[in-house]
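Visitor: The two chains are supplied separately, each in an independent frame; assemble them into the complex guided by the hints.
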Amino acid sequence: MSIMTTKLGKLTLDSPITVASGTFDLENFHFIDQKCLGAFVCKTITRYPKKGNPTPRLYESEAGLINSIGLQNPGLDLFVQESLPILRDKLEVPLIVSFSGSSIAEFEEIMAKLETQSGIAGYELNVSCPNVDNEGIAFGVDPEVIYQLCSRLCSMTRREVIVKLTPNVTDITSIALAAEAGGADSIALINTVFGMAIDWKTGRSRIKKGIGGYSGIGIKPIALALTYKAANAVKIPITAMGGIYTWEDALEFFWAGASMVALGTANFIDPLSAAKLHEGLSAFLIEHRYSMRDIIGKCIL
Amino acid sequence: MKDTPELRSIAIYSREELCGGYFVLWIWDDELSKQCSPGQFFEIRAQASFHDAWDSQRIPKLFKPISVYDNSGGRIGFFIKNVGAGTSALARLKAGDMLELIGPLGNSFPVVSGKRVLLLSGGIGYPPLSYLQKEIINHNLIFWLHGGATQADVFPCDEVWTVDGSIGKQGMVTQGLEDVIINKKIEVLYSCGPLPMLKQASEIAFRHGVEHYTSMEAYMACGIGVCHGCAVPIGSHDNWDYLRVCKEGPVFNANDVLWSEL
Chain W
1 MSIMTTKLGK LTLDSPITVA SGTFDLENFH FIDQKCLGAF VCKTITRYPK KGNPTPRLYE
61 SEAGLINSIG LQNPGLDLFV QESLPILRDK LEVPLIVSFS GSSIAEFEEI MAKLETQSGI
121 AGYELNVSCP NVDNEGIAFG VDPEVIYQLC SRLCSMTRRE VIVKLTPNVT DITSIALAAE
181 AGGADSIALI NTVFGMAIDW KTGRSRIKKG IGGYSGIGIK PIALALTYKA ANAVKIPITA
241 MGGIYTWEDA LEFFWAGASM VALGTANFID PLSAAKLHEG LSAFLIEHRY SMRDIIGKCI
301 L
Chain E
1 MKDTPELRSI AIYSREELCG GYFVLWIWDD ELSKQCSPGQ FFEIRAQASF HDAWDSQRIP
61 KLFKPISVYD NSGGRIGFFI KNVGAGTSAL ARLKAGDMLE LIGPLGNSFP VVSGKRVLLL
121 SGGIGYPPLS YLQKEIINHN LIFWLHGGAT QADVFPCDEV WTVDGSIGKQ GMVTQGLEDV
181 IINKKIEVLY SCGPLPMLKQ ASEIAFRHGV EHYTSMEAYM ACGIGVCHGC AVPIGSHDNW
241 DYLRVCKEGP VFNANDVLWS EL
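Residue numbers (our numbering), protein chains in the order written: chain W, 1 to 301; chain E, 1 to 262.
Calculated from the structure, these hints are not laboratory results. Just so you know, not all the hints are guaranteed correct.
When the alpha-carbon atoms are kept at most 30 angstroms apart in a straight line, the in silico DSS-like pairs for lysine-lysine are as follows [to be verified]:
id: 1; chain 1: W; residue 1: LYS208; chain 2: E; residue 2: LYS247
id: 2; chain 1: E; residue 1: LYS199; chain 2: W; residue 2: LYS51
id: 3; chain 1: E; residue 1: LYS247; chain 2: W; residue 2: LYS35
id: 4; chain 1: W; residue 1: LYS50; chain 2: E; residue 2: LYS247
id: 5; chain 1: W; residue 1: LYS208; chain 2: E; residue 2: LYS81
id: 6; chain 1: E; residue 1: LYS81; chain 2: W; residue 2: LYS201
id: 7; chain 1: W; residue 1: LYS50; chain 2: E; residue 2: LYS199
id: 8; chain 1: W; residue 1: LYS208; chain 2: E; residue 2: LYS115
id: 9; chain 1: E; residue 1: LYS115; chain 2: E; residue 2: LYS247
As the structure is a prediction and not an experimental result, all values here were calculated from the model.
Next comes chain E alone, as it looks inside the complex (with noise of 0.2 angstroms):
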């Protein structure tokens, strides 16, 4: 890990179109996917000029925080779901628009060996888990739960939970938990998905005896621990602050996270 990210315009070598308005940027760069670590994120935004405001309504944005989903032989692969104004410009880029980005930026899953691993993600939290998936299969027994709003926001994985019932079992991806836990006899939970989901996670996996490292989401201006605008609580309820996702994190051990202030 290089703890001196440089910001970087590089060329999208392709796009991969999903389900749903989640699509997938490829780039190209040894040097940046040596120094990747599943759980790490990088800020990257479609390439934008200041200047660009002063032509009609293009004000530039911020970066947006996009974290790992593939990293193999040089290939770099973010995983996007089309949620707002940064990510829209992003689902306007092709391949060859150039694209910024800072990074790889924030710690990464601790990676472990000989344990019976549970990852559980939720929408959108599904690409760091598919990076970690890949380093540490051939180490673990890994078992994957996945949970989506609709058929559109599932992955491949191993057990499917909709909202609405449209694949898969029908609920909140957290009532398949404790059953999954118990019956595969899971030793380490790793997750990443919406908040609910987290905070349920973490009470049933506390619970179990489960060793839970998760990764957290928060809106970020700067990426680089100067702003502190992406706070999380951490610590005991006498004793504890707010760390910065971008630096200390994204990924925390669960039992760290002082989920009642969230």
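The shape of chain W in the complex, shown without the other chains (with noise of 0.2 angstroms):
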């Protein structure tokens, strides 16, 4: 066991650092190797293939990225046919898959396909989405969903059940609260905040549908206190996310409760984020004879 070894429910992993969905994809290895990574969070599937939303769907802001991918994947037949047999031929990482569904009964659906196939330690519930009608935050929002949900698909699986929540909500306890008691293993949060720009000469927004996904540097004080709060509201562990660019920044969310961190825009700005962060990540531990358990959610106020 090494010093950055980490508990998520039922995992135990040899680094606490991941990835956020849709940000990162086997190409990145061209950059880093893959045992920076604790787990590998692959891009959110869906039952049925997604085309996506209009463009532009990126635009960069002062301190972060609004994105309004609108979760385009090539459905869960397609993935299951092509994707997840490279991944299992080339992760040499636990694969932990993402998906989403418009119904309980669609994730139901969605699960049962998975569970027949090898190679998978997890599912990410994407409850948070904030790109899609349907799909992803009309779950994330509510505690009754969110437990109903929990508890039918958790009776599912022997797997790792982590459930993403948004942070596009009055509050994310009752939100956390209603996964750990619907059965989930962890939470991972936060999914993008809610954002716009507009081009302030002609008008016009600078994403096609409006209102997008806004993450990078400028949500991580909100994303830290929120893993703050859901980490002092559960007892299960929370992969934390949003804005966390650097080994310092990890640290900061593992002081105030978070088991595991995930790189998110960070991966764009800097492919070589996610091995920098190791780096810097266990020279830090070794520096300070700490081990993960000496830091976990030992904030001092």
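Guide: See below:
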């Protein structure tokens, strides 16, 4: 067991670093060693193929990125036929499959099919995408629905179930508690914050759909506060994300209560960010003779 | 073409000043030079560190997709217009400063020979066609039509149009397209420029049965096919998908682009 080992629900992982769904794919391993990551989270899939949102889908604002991709993906069947065998073949780290649905029954249908497939360590239930109308966020804002969803899905699998939460709610603790009560093994937060940008000269929205999801350095304090809040509310572990760029950023989230951190926008800005985070964090732990256990949730007020 | 682009830091060899906010950054790298084909691009950025974000207001920005303007004997040129935050950071660079780059990325223009070729560019759509022209000029008859907003947006070519009439013919460059296609008996069109120009050019070229390859521009986050941000609709009306400018593009057959969805 190395000093970087972390526990995430049912999983014991060699590194407390992972990636945010949709920001990282096998192509990124041209730049960094797989072993930097404790787990690999794939882009969210849905039951049927999704074309995604109209363009423009991206805008880089003052301190982050607004996106409106709209869960473009090939759908469950093609994923299982084509992407999964490649992931199974190439990955040297555990695979977390992220998926979303437009009803609890659809979530169940997807999980039932994935349960027949090998090479999957866990699932991320994406109930928080701000860019689609029926899937995702429609679920993530209602504790009762989250509870129902988790209890139905967790009883179907022995694999890790992670619920990814949105910050776009009044009280994240009630959602986190609902996921925990429903049997989720861990939670991941935060998905992107609603964001918008307008060309001040022409009045035209920078994003075709108007509002998108805001990520990157600008949301770090928000993500940190919500991590701290959720960590104090639930006993299950947390994967934190939102504006994490450096190993120093990551440490803040560990102190706040995260057992794992994920890089999202940072992967776009520096393809080496996960490797640099891994190096910096392990040097810090060695220097101070800390293990992850000594840090997680030990923030001093 | 290599399918595993690397991230490199390369010193700028020289910087060339052009008119109206345009400039060229030159790098010297034999290995990269051998990998490039016309139409391809690099994700480039003024070297930045995440720790810059810890130091006052210097928040690191995304790479910017910039197409290759010139590539000869190991020297690669990036012809850039200073338009926003990312490019203005590039605009501050001088010889000796470090450039971070990933690439070459994307596909390239199909190369023809023995054809009557028209190049059509608008504004900053000029650079990739310049590279293409040098590669195909010995094997084709080439005519180059270029349009810009004013005389500051005009570069060497065969026929010039400006919106304000400050040089060349006055109007949109596409107004001259049909005549050129007919008079020069054009067989193949390569285009790059603003969306309305490409849209119109594709209608005109389609009407005249001209083979048409267009290099599309899009806002990008990753540049390597991961984020799906730079999508363009490709296919037929009843069967289309968003493909990625950075991966399946930037060059598309203009007849495959679903212009009505853009």
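Visitor: Determine which of the earlier numbered hints do not hold for this structure and return their numbers in increasing order.
Guide: 8
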